[in-house]
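Q: Residues per chain are reported as follows:
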Amino acid sequence: MILDRYFENAWAILGLKLGAILVLFLVAPIVVGYAEHKVLAHMQARLGPMEAGRFHGWAQLVADGVKFIQKEDIVPRAADRFVFTIAPVLVVVPVIMIFLVIPFGPGGWWGENMDLGLFYVMAISTVGVIGVLAAGWASANKFSLIGALRAAAQLIAYELPLVLAAAAVAMQAGSLSLVGIVEAQDHYWFVLPQIAGFALFVLASLAELSRPPFDMPVADSEIIFGHMTEYTGIKMAMFLLAEYAGVVALSGVATVMYLGGWHGFLVGWIPGPVWTFAKIGALAFFIIWLRATYPRMREDQLQKMAWKYMIPVALANILLTGVFKVVF
Amino acid sequence: MTPEDLVSHVREATGLVERDELTPQGQAAVWVAPERWLEAATHLRTCGRCGFDFFTFLTAVDRGGDRGAEAPPPRGKPGRAQAPSPSVDQGEGLEVVCHVYAVRRQHHLNLKTLVPREGGSLATLSGVWRGANWHERETAEMFGIGFAGHPNLAKLELPVNFEGFPLRKDFLLITREAKEWPGQKEPEERHEEAKS
Amino acid sequence: MTPESRTITLPGEPGSAVAVTVAEGDLATREMTLNIGPQHPSTHGVLRVVITLDGERIHTAEPVIGYMHRGFEKLAEARDYRQIIALVNRHDWLSAFCNELGVAIAVERLMGLEVPERAQWIRMLLAEWNRVLNHLVFIGSYGLELGAITPVFYAFREREDIQEILEAATGGRLHFTFNRIGGLKDDLPKGFLRRSAELVRKVRNRLADYEGLLLGNQIFRKRTVGVGALPGNVAKDFGVSGPILQACGVAEDSRKTEPYLRYDQVEFDVPVGKNGDSFDRFWVLFRRMEESLRIIEQVHDRIPSGPVMPPKMPKTIKAPEGWIYQRTENPLGECGYYLVSRGDKTPWRLKMRTASFSNVSMIPYLLPGILVPDMIAVLGSVFFVVGDVDR
Amino acid sequence: MTGQEMAFLALGAIAAAGGVAVVTARNVVHGALFLVAVLAAIGALFLLLGAEFVGWVQILIYVGAIVVLLLFGLMLTKAPLGRGALDNQQRGIAAIVATGTFAMLTWLVWHAFGDERITFVRAVRTADIGNALFTSYVLPFEAVSVLLLAALVGAILLAKKD
Chain A
17 MILDRYFENA WAILGLKLGA ILVLFLVAPI VVGYAEHKVL AHMQARLGPM EAGRFHGWAQ
77 LVADGVKFIQ KEDIVPRAAD RFVFTIAPVL VVVPVIMIFL VIPFGPGGWW GENMDLGLFY
137 VMAISTVGVI GVLAAGWASA NKFSLIGALR AAAQLIAYEL PLVLAAAAVA MQAGSLSLVG
197 IVEAQDHYWF VLPQIAGFAL FVLASLAELS RPPFDMPVAD SEIIFGHMTE YTGIKMAMFL
257 LAEYAGVVAL SGVATVMYLG GWHGFLVGWI PGPVWTFAKI GALAFFIIWL RATYPRMRED
317 QLQKMAWKYM IPVALANILL TGVFKVVF
Chain B
386 MTPEDLVSHV REATGLVERD ELTPQGQAAV WVAPERWLEA ATHLRTCGRC GFDFFTFLTA
446 VDRGGDRGAE APPPRGKPGR AQAPSPSVDQ GEGLEVVCHV YAVRRQHHLN LKTLVPREGG
506 SLATLSGVWR GANWHERETA EMFGIGFAGH PNLAKLELPV NFEGFPLRKD FLLITREAKE
566 WPGQKEPEER HEEAKS
Chain C
794 MTPESRTITL PGEPGSAVAV TVAEGDLATR EMTLNIGPQH PSTHGVLRVV ITLDGERIHT
854 AEPVIGYMHR GFEKLAEARD YRQIIALVNR HDWLSAFCNE LGVAIAVERL MGLEVPERAQ
914 WIRMLLAEWN RVLNHLVFIG SYGLELGAIT PVFYAFRERE DIQEILEAAT GGRLHFTFNR
974 IGGLKDDLPK GFLRRSAELV RKVRNRLADY EGLLLGNQIF RKRTVGVGAL PGNVAKDFGV
1034 SGPILQACGV AEDSRKTEPY LRYDQVEFDV PVGKNGDSFD RFWVLFRRME ESLRIIEQVH
1094 DRIPSGPVMP PKMPKTIKAP EGWIYQRTEN PLGECGYYLV SRGDKTPWRL KMRTASFSNV
1154 SMIPYLLPGI LVPDMIAVLG SVFFVVGDVD R
Chain D
2 MTGQEMAFLA LGAIAAAGGV AVVTARNVVH GALFLVAVLA AIGALFLLLG AEFVGWVQIL
62 IYVGAIVVLL LFGLMLTKAP LGRGALDNQQ RGIAAIVATG TFAMLTWLVW HAFGDERITF
122 VRAVRTADIG NALFTSYVLP FEAVSVLLLA ALVGAILLAK KD
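Chains as they are written, first to last, in my numbering: chain A, 17 to 344; chain B, 386 to 581; chain C, 794 to 1184; chain D, 2 to 163.
Calculated directly from the structure, the hints in this document are not laboratory data.
Misleading hints may appear alongside valid ones.
Claimed, not checked - Simulated restraints, written as ranges between beta carbons of each label pair:
1) A17(D) <-> V283(A): 54 to 64 Å
2) V1027(C) <-> I85(A): 31 to 41 Å
3) G411(B) <-> E953(C): 52 to 62 Å
4) L557(B) <-> K995(C): 48 to 58 Å
5) P328(A) <-> L159(D): 37 to 47 Å
6) G155(D) <-> P289(A): 16 to 26 Å
7) E953(C) <-> R434(B): 44 to 54 Å
8) I67(D) <-> E953(C): 36 to 46 Å
9) V1027(C) <-> Q90(D): 47 to 57 Å
10) V21(D) <-> P328(A): 39 to 49 Å
11) T136(D) <-> I90(A): 53 to 63 Å
12) P536(B) <-> V78(A): 55 to 65 Å
13) Q90(D) <-> T826(C): 26 to 36 Å
14) L70(D) <-> V78(A): 47 to 57 Å
To be verified - Among chain B residues calculated to face chain C with C-beta under 7 Å, some are:
15) T431
16) C432
17) E542
18) N546
19) P551
For each residue, glycine too, the CB sits at the ideal point set by N, CA and C.
Construct the entire structure; sequences and hints are all you get.
A: So this is what it looks like as structure tokens:
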């Protein structure tokens, strides 16, 4: 590991890594958020932010952050103050925890190489829904409650395809460790044999992130941002941070699982982390692109899609992967 | 059907028409007694030759008020043969107009009646054309006309605690009472003012 | 209460209880009352719909209107006819020109006034541009309500171009006030027809964007086909007109059935839908826009020269005694003015029969039984402008 | 006391306190949220003991799925929005049952292990769990599968109204 060369103390290394991940967690969403502003704008025949920070409004989200901090922190009178306050934290923490295990490059560019990395990601990513449910309920607002219920119903729909798609990757790689999965993609990326799994994983991730076309839990034109309706200021910012950090985190996991992680192609001199971040960026761009293109689906249509198409395909994918593994 | 044919058909088929109007622009209206209002409307809806399936609007016109005493002369072509009954004469009161249209036959008809200013009431048409529901609610709150049998005659556009019937002529626009409408006067008036 | 049902008391809000009747074998549930609006993104203004929900399924829906009631009908009784033209273009703020047109035609017909030929054609040209202007808003915002955020920006891009040429002609962007009793305020500015012709081509080329993003989009179809289907006879019963009625398969368009201006001299089709569902309504709106462009092109070719006001206009406009109902095919449907005159320079009574009012009155019929997300799809396709509902 | 023991005690205390909070909470949603804390603490205990797989299964299944379903059901049916308490009249019976269960479990553990100190075995490998599941425990595994399938079919039948 790189850091071992400079630091003797394991605690110092751990501290540095945690610090780096925290910085990444705070910076990456801002980059993705700004990219969304600009990409959407240009896809929609407009310019997007142009003022803050002079050059093409690069500081727009920094300014937004400052604005959020200054805003009054309003708690509705009928709300359950304790749950209302704790809910944004419950949403944010799992996302940070996913960042801990994503390997960004070879030789120690990760927070922790866990044997059960993939399993850990699956387990942690479901916890955020509890925060959404708590927020929706504690707001004492009917729109929020409907949003929270939709989020929970959505979880039931996407969790199974997500886990089944991941299971096929684990079988292919013969490892549950994210580092191990990347190393197994030395010769070819898993997106080739697992193309169906990749599609399933990305779709399910979109549903988990409540991103269009699966943004029913926050549908602004129906239920006015669902669980976020009553939130203001820094708490609202935490929800937004969690959303964009979630885009980065799940793009990162998908990169690791399907797009060969730090493995590059054609040009050898580009360092691994650059490849990882480029792939994450490409996936994030795709997610933003979808938002500009598609209308919102309906909750029951998602359920139908998940149970009638995604789960059977995921099961067939596992079967094929198993056959593939045994035969070759 | 031409408006003339239509009016004579309604007159013959129902026997309820007390008076009819045909304007120079070719628009037709038939007057019925307020107590026969529902009966006449039902005929217009169900009769195959009328075929009035499109509900256009229902409203009222205040005929009395500050100018009510002048009792304007009848307008349009006077009705044929039958003499108008006292109930639909040109006196004071609230004239209720229901305009319907037949989509396939492409003809219009105005069904009219006159109700007294105080305690005027008609049977509801909301069972005949569903669209009448809201139009009657609006007419009720604006003119103070009752619609017997209406499923929900609550105020539609006005606040719940609003008092008075704004579209009656005795309901004055208070600002207009205090001050003349400040808009520019007619060209000739200004001209006269300048001369004097 | 049927023999198989029972009554169960459920805990309600703190300190109260609700008794519900349930059928045997069913769970006891309580309906939730939800206020959509008056401030809600999908009601385009201050319309409120009180719905009761069973889960996400709507049981009853009751629109509450009047938040924007401005008493236009009363105000019209205190204004002369020139002023009324400036008044009526405000109720449906997206189709100001078409609104003015109805009053102008009604008064002209009552007075027996002959409107110059050129004015008729210019009126038709501007009315059709206004129709495109209006439809673009609904096409854009309908996508927005279903979560497609891009079409609205495209729609407003085109709108801006159209507003520019309308501004060049009338001087106004929203409330044109370009009609006069007897004709128009001014002739068209120089070069208008050329700009207009260019714009027709530009807008038509860009319509493909909408086709791809909305009409051809799989999710859009899934969200709208079969949602909120309205039978034609019910639509007529409620007095629903315009694109919504045409979507039900009823080819009723007063430009065809009772042509005013010179609509009898131009060629255009009345698009009709099959099922009267949200998709059909949207599709009809789209096709109507294309037909409007067709009419505009024909006007370009055939517009005569001449004055735009009659040579001899009385200085004071007084409509003679009598009444008239004049309807015009506004972008949102049948807009009619029932004008009662007593020979004054102000009307005795001016009833505004607006399309949105009748369209919205149909909502209690259309919403029950569908889901909350579908409610947005339905409300967005029951094209209405709140000012046009409340007046 | 080693660091591990201290962590164990802390997590145990969290789990126990959370458990008490679950039953004393006047508001069912609060109760469910405390349950999250309890289950998470127990998951962390598993991790501490080196049973990584079981630990994360605990989080995935119980916190991620079961509690979400529980909250889902509560919000759909009983829980009033925001503040507001719910209670019922089964405290006495519940207390008796809980005390009985606790006494029985305590006795059982005490009887089985007594003062015996369990030597800590380092980490059970996930591969071993997999091997065990599909070799020595394959019959119970399949039996559970069939049971779950039956439950699934039953649930679908119940949910179907006609």
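Q: Each hint: holds or not?
A: We went through each hint and held it up to the structure:
no.	hint	in the structure
1	A17(D) <-> V283(A): 54 to 64 Å	holds (57 Å)
2	V1027(C) <-> I85(A): 31 to 41 Å	violated (54 Å)
3	G411(B) <-> E953(C): 52 to 62 Å	violated (42 Å)
4	L557(B) <-> K995(C): 48 to 58 Å	holds (52 Å)
5	P328(A) <-> L159(D): 37 to 47 Å	violated (23 Å)
6	G155(D) <-> P289(A): 16 to 26 Å	violated (51 Å)
7	E953(C) <-> R434(B): 44 to 54 Å	holds (51 Å)
8	I67(D) <-> E953(C): 36 to 46 Å	violated (54 Å)
9	V1027(C) <-> Q90(D): 47 to 57 Å	holds (52 Å)
10	V21(D) <-> P328(A): 39 to 49 Å	holds (45 Å)
11	T136(D) <-> I90(A): 53 to 63 Å	holds (59 Å)
12	P536(B) <-> V78(A): 55 to 65 Å	holds (58 Å)
13	Q90(D) <-> T826(C): 26 to 36 Å	holds (30 Å)
14	L70(D) <-> V78(A): 47 to 57 Å	violated (40 Å)
15	T431	violated (13 Å)
16	C432	violated (16 Å)
17	E542	holds (4 Å)
18	N546	violated (13 Å)
19	P551	holds (6 Å)
In summary, the structure is inconsistent with hints 2, 3, 5, 6, 8, 14, 15, 16, 18 from the numbered list given earlier, while agreeing with the others.
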